[in-house]
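Top to bottom, those sequences are chains D and R.
Residue 1 is where the first sequence starts when you use this note's numbering, and the numbers rise one by one after that.
Residue 645 is where the second sequence starts when you use this note's numbering, and the numbers rise one by one after that.
Mixed in with the good hints there might be a few duds.
What the hints assert, rightly or not - Here are a few chain D residues that sit away from chain R, every Cβ distance over 12 Å (derived from the structure):
1. A31
2. E305
3. G366
4. T443
5. S463
What the hints assert, rightly or not - A partial selection of chain D residues facing chain R, derived with a Cβ cut-off under 7 Å:
6. A327
7. V352
8. P355
9. L356
10. A359
11. R364
12. C368
13. R372
14. L450
FYI, nobody ran anything at the bench for these hints, they're computed from the structure.
Each residue gets a CB set at the ideal place from its N, CA and C atoms; glycine is no exception.
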Amino acid sequence: MRLRYIYLPDYGPLKKVAVVFQQNPHIENRAGAVNFVVGLNGSGKSSLLRAIYDVFHSLSLEKLPRFPVTLAYDIKVDKRWDELDERWRGLSRDEIEKVNDTKFVQRTVIFHRPAGPASDCFLVPAADCLPFSKADEWQEYVEHALAPKGNADSLGYYVAGDRLKGDGNLRNWLPSRVLAYTSGDLKPWQNLTYPSYPTDELNDDPQEFDRELERPAGWRPEQEYFDRRVTRPDVSADVPPRGENEPPVDERCLLLRPEDTRLAAISVGIWQAAHELESRSESWQRDAFRKERINEIDKKIQVEEPARRLLNELNWLWPTHAAFHFADYGQYQRHPDAGRCFWLLALADKVVRYPLDEALAVVRLGNCPPVRPSELVGEMPLESQAELNLRYTANPMTNAHCGAEAIRSLFGGEADPDETLWSLFSALRSWQSFGLLKDVNLTVQRVHQLPNAEGEMDDQLLSYGSFSDGEQMLLGRMALLLLLRKQENSLLLLDEPETHFNDAWKRQIIDLVDDCILKDTSTQVLVSTHTSLALTDVFSCEITRLVKERGVTKAQPVLHPTFGADPGRILLHVFGAPDIIGARAAEFLRSKLDPAKWPPKDREKLRLLIDEIGSGWPRAKLMEILEQLEETQRGDMPNAPYDS
Amino acid sequence: MFVRTAELVGATALVGEDCPSNLVLPDKIWRFVWKDDFKGTPEFVWALFQERATRQALGNIATGTGGSMKNISMKKLMQMRVVWPPRELQETFSKALRVLADLRNAVEGDKSFSVLQASLSAHAFSGQLTADWREAYADKLALEARERDDALKNAGPIFSRSRRATIQEIEGVFEPRTDGIYSDLNREQFGLFEEIERMVGGVNYGRYFTAEMLAADLKGALHRHPQAIESHLAVLAVRGLIIPVSRPRNDSVGDRFAACYRLPLKEDDARAERLERQRKLAVGDF
Chain D
1 MRLRYIYLPD
11 YGPLKKVAVV
21 FQQNPHIENR
31 AGAVNFVVGL
41 NGSGKSSLLR
51 AIYDVFHSLS
61 LEKLPRFPVT
71 LAYDIKVDKR
81 WDELDERWRG
91 LSRDEIEKVN
101 DTKFVQRTVI
111 FHRPAGPASD
121 CFLVPAADCL
131 PFSKADEWQE
141 YVEHALAPKG
151 NADSLGYYVA
161 GDRLKGDGNL
171 RNWLPSRVLA
181 YTSGDLKPWQ
191 NLTYPSYPTD
201 ELNDDPQEFD
211 RELERPAGWR
221 PEQEYFDRRV
231 TRPDVSADVP
241 PRGENEPPVD
251 ERCLLLRPED
261 TRLAAISVGI
271 WQAAHELESR
281 SESWQRDAFR
291 KERINEIDKK
301 IQVEEPARRL
311 LNELNWLWPT
321 HAAFHFADYG
331 QYQRHPDAGR
341 CFWLLALADK
351 VVRYPLDEAL
361 AVVRLGNCPP
371 VRPSELVGEM
381 PLESQAELNL
391 RYTANPMTNA
401 HCGAEAIRSL
411 FGGEADPDET
421 LWSLFSALRS
431 WQSFGLLKDV
441 NLTVQRVHQL
451 PNAEGEMDDQ
461 LLSYGSFSDG
471 EQMLLGRMAL
481 LLLLRKQENS
491 LLLLDEPETH
501 FNDAWKRQII
511 DLVDDCILKD
521 TSTQVLVSTH
531 TSLALTDVFS
541 CEITRLVKER
551 GVTKAQPVLH
561 PTFGADPGRI
571 LLHVFGAPDI
581 IGARAAEFLR
591 SKLDPAKWPP
601 KDREKLRLLI
611 DEIGSGWPRA
621 KLMEILEQLE
631 ETQRGDMPNA
641 PYDS
Chain R
645 MFVRTAELVG
655 ATALVGEDCP
665 SNLVLPDKIW
675 RFVWKDDFKG
685 TPEFVWALFQ
695 ERATRQALGN
705 IATGTGGSMK
715 NISMKKLMQM
725 RVVWPPRELQ
735 ETFSKALRVL
745 ADLRNAVEGD
755 KSFSVLQASL
765 SAHAFSGQLT
775 ADWREAYADK
785 LALEARERDD
795 ALKNAGPIFS
805 RSRRATIQEI
815 EGVFEPRTDG
825 IYSDLNREQF
835 GLFEEIERMV
845 GGVNYGRYFT
855 AEMLAADLKG
865 ALHRHPQAIE
875 SHLAVLAVRG
885 LIIPVSRPRN
895 DSVGDRFAAC
905 YRLPLKEDDA
915 RAERLERQRK
925 LAVGDF
């Protein structure tokens, strides 16, 4: 998926704002795209991100967004499923490839929602990728070629705004996943995503007025499930199980809570351990692996693989155990995902009971004898018919050689290991939302050894919670990028992801985005940022600058080249800072730059000042003044020896 | 030996003290006779001739046609230039070599010892060793056996068929576990856990503990290191080796609940507890 264009006539602080998202042609072999929104605080960056999220969130619920908008984006379509093209229908992938060497086609999808009635709105996939690069061209095309009702018949597929409900094909033209993360306040995001009651279902029938059915504002179905179980155990609160392959609607658009980044980080930890440990069953192999990591970290070698590079940054060797903290152990069979829950409990080395029916299941992630589900079941009493059936289901965990691999297979099934990270994360997240899982924790071994209290070298083994805030944040946020790996047609919205990071990490963000997903996944990443450092990795056409003029926000292109530029230049030209250096230094230095203020007797004082100033033009200017002073002095004393 | 095939030219051997003095050597085997002012050790010279560079040099100066007719003249041998470390170094080398030789002898001796012991035990258990003795004292032995049987009958012992635990199994109980949730702890954490298991729940210690309490009572490096202990306890808790709990306090002014840890009991094994519940259901015991 690739964003192309958005027009917002009236959304929060954004009035008549049109943004064209572009990519630089010089960067080749990129399946995905990254774009940036920059601007001062209050310029509407977060609003732009929220508007995009809002559009897709509403559409995924088969509803129209509550504000007028025009949005264009490219979707990668598998030719086998491309309904617009009769030629490929019924052919296998290989057969298509024989006819034409690509398996996929890109189509531009346009969603238009003018201020008028719902019937004026529409969603249209174009026949191919539209070539427009200016806002005028887009708007012209939408309003003149698409909007007139008469043209609808000529389009292969057309969803009118008043017929969104129940259109099974709609989801094929939407991004497969939309993930939004903000390092700021979640409240404005939550408000916009909570659905309002449909007008046609609101009736004033006094018969249906039932205060018993009311719940506090912002109530979620998961809370209802949890609440019923606690307060009314007699009422069955079983959640209907969902289809195996179909992600539920609310999983398409995910607004990430702070605890989700923790889950994402832990999922990445387990997933990477599965990858690194499955082929290293011998202890000498693991020792060699550790030595390699020590070498990489000590010599500051940049590792290709993004997950490993990230873990090296944290001195992370591998997690030894994962601990799943269940909030209601006794009730887990009522959860829709009871099957996998059962197997996880069976796999655990120990399940410790905590007070109030909580339990901790500890799974050793390291190497173990090949997993045999039938043997595991022996430890787990089977209580219900559903569990009895599980006993006979073929299980993907079979023959896993380490605990991490077993967990990965349990959640990811038979899928390509690269694609399983998302499954692991989303399963744990749903367990957590349903109040089944309270927390997940890891004990992690660091790469380096350190002296212990007795002064002897000892392994460093700590719980994930003992990592520093910054380390947890880096891993958590960057794990979001890894989650979308191989998730075609996904969209990641990151609102100031670099807050709390040091400058070295800020600089790495774009490189990680590039390596994690852009290279091989058709994903759009849209980042709002305040960091000039990060933008040195970005082409100016990929940046949209929001500027507030007399209270009105406008989108402006960035004309100054940014790719590979000095961060100071970006500070000046993109963020509109008055100076590269800080205001305090600027004020002080400016007062010192007048040669008239430096009498020859202060020569030594000036020399000392210059030693204290970092390189830059003020320093050069002061050097000049010093040289002049020295020349004057030599002129005064022609017979004096040369003063070095 | 300074004749024969290329591999054997220059082969040397050390002759020990226990060699017979009337040994006769053929003319193609020479004996080194050390001068009075010899600044070296026989062991070093022996090793020198095992050394690859020396052997190559020997090969180069050997004369004689045909693979099996190589020869070296005494004159050429005496002219050979070799590596010659100072005497002290040579003596150190010799000493090490002798220690090694002694060790090897000891090991070889050991082998025969164990073989001999096994043979002796076999003889003893089969009764061959004491056959003559038993024959001589047969009457006395029969009497003693009868007395023993009567005594046992009076005491009334019960012979069970249960398998006796082997020594390894008994020791296994006392050996710390290092598998499953016990694996991959560092030495300090492992030591701390062992210490907790020993102290907590005993005569002088309650069931609950905190890092501060352990820091005050533990001996050794972790004494008065509550922060280090707390981070170790966090790891042990994630492992399920200890259980973090909150408990109400009696103090009416402070917090109503406060955090501490305890060791898991048998009842805290959630799966076992479920099994037990199911068993009760099955036998109708509610």
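Consistency of the hints with the structure:
At roughly 38 Å from the closest C-beta of chain R, the C-beta of A31/D stays outside 12 Å, upholding its exclusion from the interface. Against chain R, the non-interface label of E305/D holds: every CB pair exceeds 12 Å, the least being about 24 Å. Separation of G366/D from chain R is inadequate, the least Cβ-Cβ distance of about 7 Å not exceeding the 12 Å criterion. The beta carbon of T443/D is not kept farther than 12 Å from every beta carbon of chain R, the shortest such distance being approximately 5 Å.
S463/D, annotated as away from the interface, has a beta carbon of chain R within 12 Å; the closest lies near 5 Å. This hint is violated: A327/D has a C-beta 13 Å from the nearest C-beta of chain R, more than the 7 Å allowed. Hint on V352/D holds. Least Cβ distance to chain R is approximately 4 Å, under the 7 Å limit. Checking P355/D against chain R by beta carbon gives a least distance of about 6 Å; that is within 7 Å, so the hint holds.
The restraint placing L356/D at the interface with chain R is violated, with a minimum CB-CB distance near 10 Å, outside the 7 Å limit. For A359/D, the interface hint holds, the least distance from its beta-carbon to any beta-carbon of chain R being 5 Å, beneath 7 Å. Because the closest C-beta pair between R364/D and chain R is about 6 Å apart, less than 7 Å, the hint holds. Interface restraint check for C368/D: the shortest CB-CB distance to chain R comes to about 9 Å, outside 7 Å, so the restraint is violated.
Using the Cβ-Cβ criterion of 7 Å, the hint placing R372/D at the interface with chain R is not satisfied: the shortest such distance is roughly 16 Å. The criterion of a C-beta within 7 Å of any C-beta in chain R is not met by L450/D, whose closest approach is roughly 10 Å, and the hint is violated.
Taken one by one, the earlier hints fail for this structure at numbers 3, 4, 5, 6, 9, 12, 13, 14, listed in ascending order.
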